[in-house]
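Peer 1: One letter stands for each residue in the lines below.
Protein chains: 2
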Amino acid sequence: METYGIGLIGCGTVGSGVARILLEHTERLTARTGKKLQLRRVLVRDPAKRRQVELPPGLVTTRLEDLKTDPNIQVVAELAGGVDWPRRAVLELLEAGKDIVTANKALLAEHGAELFDAGRRFGRAIAFEASVAGGVPIITALTQSLAANQITAVQAILNGTSNFILTGMSEENLPYRDALAEAQRLGYAEADPTLDVDGTDAAQKLAILAQIAFGVNARLDSFERRGIAEIDSIDIQYARELGYTIKLLAEAWLSGRKLALHVSPVLLRKHDPLALVRGPYNAIHLVGDVVGDTLFYGRGAGQMPTASAVVADLIDMAVGRAHNTFRSLRLWCGNGGNIELQPSSTVRSRFYLRMFVEDRPGVLAQICTVLANYRISITSLIQHEALEDHEGDIVPLVIMTHTASTADFRAAVADLADLPFLRETIAYYPVAD
Amino acid sequence: METYGIGLIGCGTVGSGVARILLEHTERLTARTGKKLQLRRVLVRDPAKRRQVELPPGLVTTRLEDLKTDPNIQVVAELAGGVDWPRRAVLELLEAGKDIVTANKALLAEHGAELFDAGRRFGRAIAFEASVAGGVPIITALTQSLAANQITAVQAILNGTSNFILTGMSEENLPYRDALAEAQRLGYAEADPTLDVDGTDAAQKLAILAQIAFGVNARLDSFERRGIAEIDSIDIQYARELGYTIKLLAEAWLSGRKLALHVSPVLLRKHDPLALVRGPYNAIHLVGDVVGDTLFYGRGAGQMPTASAVVADLIDMAVGRAHNTFRSLRLWCGNGGNIELQPSSTVRSRFYLRMFVEDRPGVLAQICTVLANYRISITSLIQHEALEDHEGDIVPLVIMTHTASTADFRAAVADLADLPFLRETIAYYPVAD
Numbered sequence: 001m002e003t004y005g006i007g008l009i010g011c012g013t014v015g016s017g018v019a020r021i022l023l024e025h026t027e028r029l030t031a032r033t034g035k036k037l038q039l040r041r042v043l044v045r046d047p048a049k050r051r052q053v054e055l056p057p058g059l060v061t062t063r064l065e066d067l068k069t070d071p072n073i074q075v076v077a078e079l080a081g082g083v084d085w086p087r088r089a090v091l092e093l094l095e096a097g098k099d100i101v102t103a104n105k106a107l108l109a110e111h112g113a114e115l116f117d118a119g120r121r122f123g124r125a126i127a128f129e130a131s132v133a134g135g136v137p138i139i140t141a142l143t144q145s146l147a148a149n150q151i152t153a154v155q156a157i158l159n160g161t162s163n164f165i166l167t168g169m170s171e172e173n174l175p176y177r178d179a180l181a182e183a184q185r186l187g188y189a190e191a192d193p194t195l196d197v198d199g200t201d202a203a204q205k206l207a208i209l210a211q212i213a214f215g216v217n218a219r220l221d222s223f224e225r226r227g228i229a230e231i232d233s234i235d236i237q238y239a240r241e242l243g244y245t246i247k248l249l250a251e252a253w254l255s256g257r258k259l260a261l262h263v264s265p266v267l268l269r270k271h272d273p274l275a276l277v278r279g280p281y282n283a284i285h286l287v288g289d290v291v292g293d294t295l296f297y298g299r300g301a302g303q304m305p306t307a308s309a310v311v312a313d314l315i316d317m318a319v320g321r322a323h324n325t326f327r328s329l330r331l332w333c334g335n336g337g338n339i340e341l342q343p344s345s346t347v348r349s350r351f352y353l354r355m356f357v358e359d360r361p362g363v364l365a366q367i368c369t370v371l372a373n374y375r376i377s378i379t380s381l382i383q384h385e386a387l388e389d390h391e392g393d394i395v396p397l398v399i400m401t402h403t404a405s406t407a408d409f410r411a412a413v414a415d416l417a418d419l420p421f422l423r424e425t426i427a428y429y430p431v432a433d
Numbered sequence: 001m002e003t004y005g006i007g008l009i010g011c012g013t014v015g016s017g018v019a020r021i022l023l024e025h026t027e028r029l030t031a032r033t034g035k036k037l038q039l040r041r042v043l044v045r046d047p048a049k050r051r052q053v054e055l056p057p058g059l060v061t062t063r064l065e066d067l068k069t070d071p072n073i074q075v076v077a078e079l080a081g082g083v084d085w086p087r088r089a090v091l092e093l094l095e096a097g098k099d100i101v102t103a104n105k106a107l108l109a110e111h112g113a114e115l116f117d118a119g120r121r122f123g124r125a126i127a128f129e130a131s132v133a134g135g136v137p138i139i140t141a142l143t144q145s146l147a148a149n150q151i152t153a154v155q156a157i158l159n160g161t162s163n164f165i166l167t168g169m170s171e172e173n174l175p176y177r178d179a180l181a182e183a184q185r186l187g188y189a190e191a192d193p194t195l196d197v198d199g200t201d202a203a204q205k206l207a208i209l210a211q212i213a214f215g216v217n218a219r220l221d222s223f224e225r226r227g228i229a230e231i232d233s234i235d236i237q238y239a240r241e242l243g244y245t246i247k248l249l250a251e252a253w254l255s256g257r258k259l260a261l262h263v264s265p266v267l268l269r270k271h272d273p274l275a276l277v278r279g280p281y282n283a284i285h286l287v288g289d290v291v292g293d294t295l296f297y298g299r300g301a302g303q304m305p306t307a308s309a310v311v312a313d314l315i316d317m318a319v320g321r322a323h324n325t326f327r328s329l330r331l332w333c334g335n336g337g338n339i340e341l342q343p344s345s346t347v348r349s350r351f352y353l354r355m356f357v358e359d360r361p362g363v364l365a366q367i368c369t370v371l372a373n374y375r376i377s378i379t380s381l382i383q384h385e386a387l388e389d390h391e392g393d394i395v396p397l398v399i400m401t402h403t404a405s406t407a408d409f410r411a412a413v414a415d416l417a418d419l420p421f422l423r424e425t426i427a428y429y430p431v432a433d
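Protein chains in written order, with the numbering used here: chain A, 1 to 433; chain B, 1 to 433.
A portion of the hints provided could be inaccurate.
As the list claims (entries may be wrong) - Using C-beta positions, here's what the derived DEER-type ranges look like:
no.: 1; chain 1: B; residue 1: ASP117; chain 2: A; residue 2: THR26; range: 24 to 30 Å
no.: 2; chain 1: A; residue 1: ALA181; chain 2: B; residue 2: SER233; range: 46 to 52 Å
no.: 3; chain 1: B; residue 1: THR30; chain 2: A; residue 2: PRO71; range: 23 to 29 Å
FYI, nobody ran anything at the bench for these hints, they're computed from the structure. Beta carbons are placed, not taken as given, at the ideal position from N, Cα and C, and that holds for glycine.
Given only the sequences and the hints, what does the whole structure look like? Please build it.
Peer 2: The structure is reproduced here in structure tokens:
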């Protein structure tokens, strides 16, 4: 039986999981591929470090050269993290004739064009199912299963850390910092959670989905990105009162030839399937012009779900499917069609707006006048009694608007912030229809 | 640019949808495949019949021979329905060197082994994404995306007609016949709905999933199959009162090396993701030993969702992926591993049990004694006041049991039916944990 040689870069959480599957489930992998999958080399920075998998002697190396020059390694799974070193390593491996599997969303979001171009030039393939939504096979869905469709909308929960924190804030009324601490305790958030909670992680994944679904090369600085760290529990409570749940969504939607993109906390109706996604799970709602609505749900991170996706890619490589996909898709090759990125300021949406104001005559009239100046209509309004932890004369005011352009809405918020009776900062989030 | 020739068998609802995509979206299909996909022949029974698509002149034929002998037809999509004639047609086409795409679940459930064997013998491929759950790419998920996993459980809503009817019964309190009439009016149920509502359609799809996920060749008569036609609205109401929703589920789950399978109305906890699937939608909850829980949701039937899946298979054929998949999977080839079908009678489950009984002393004691004789414990019991449409002395009695074997439970039900104070038939359904 033919042997198919595999190299690994990185043996941290995901790398250990991949190594375990390759070492412990050889029979299963042979049944799926008709080949003997063999883990030949594992590249690490520190060979002395304790790992979550016991590797056979002789596999560990610190030299990329050992992977490049082994003629029996056909594919390398890059699971190291970071951007600059993996970029150089992948380019060298492609040139050395190795196919690449990667879970590195930052690498693809920043250097996808260069890497895919190199892959094509050297006749190799790159597979990256694990880079978006971990165990949820969204890349295969977009590149194969829904290939008869023009995707018209993507609405997704792509950051499990943020969703876990928001679930805690919503269901247990925890303040942000306590929900984050709980996520850290359970391993759903890292010690420095910045890239998860500020929306960067979700934005990198959205950029990859935008490339695949719309052929649009969306740089991270070209679309709106907000995270969850600024969300006040009070807005989660008001949203609930209005029949909504706040979720960190990565969204892309097509209007004619224009693609709107953003990562933002969004108010979703409480019965929306995405509103029901709890804890560390991911879910992606796709709309295709032929198939209609579809939804894909599962674990978006973690050792074994991500390893499941990496090994699926290795199997695709071993049976040759990945090469067919890579050749026929021509991703990041600059001819992705005629869809253009819509400037964030022109994106239209309904909005949730919450202020704390002094409770005195004329306040509401002035607020409504500012909104009217920007042609923004109000659909509903809640004014509650003053809260315990505020002065007796300060009341929260919640307004839901009709559809408005982001630019108009922002300008209105800036004007509102200048009003003399405003207290604290204004909170606002888009509302999904 | 290379041309890739396609033949169609059948130009009914799905066939018309496929033809429309092939004729109207040529640019899109070329971008996905790097080839010019060309619809060359459409085989129909009655060329004079009015169709939902306008076919270019010269495409329609009534002779299978015209597809077999056209050297420029590489693949034929079989969308005719029925079993015997399509079986012969597919065998002849494979022998003539054509690859096959089919949406025909009955054909695969009955003759999968013969057809896949012929495909291998003639070096051709068979793809069948559209045969299960229409626009939901569950075949690709199982054969590719989750290939690193041993699937341990499948729990699925695979019949949109039944789910639409149950949704109407549950949310609008309609009796079965009114909900069915509404489904027929909206085109979700056929004039003769038998195969949908008696569980046959879901069982055929489950048999296909069992082959792919577990390598088990499950004949339709080898597992339990119940439909929805006998469900009384009253049981939907009692289930709701207990916190459950009744869904027609196709389930398969692995215990050691034994596979339990059934199609049955099942009580699901009301927050279970599958309990939330409404109307004509399908959803499949898969558990893999590596990835954990995943869920796939979308339209399981209808012209365009099914056509989306058929065209995805045609694209897979055009780029060569389908051949890699077909070769490496070796489905229906009799060496699917060592998983055995568990006899239905030994399957263990919790049960919902509803009786109408005369309201007199000693009744409950006798019922409990019968259950105890078969070592069946009760977890909860509801006894309501008599209903309006029953005699004053007849009351409904609802019992939820602990886990019991199906054989024991059935035997207990048979004994209960002999008790003198029983009225009407006993209703019982498994309860998902």
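Peer 1: If you test the structure against every hint from before, which numbers come out violated?
Peer 2: 3
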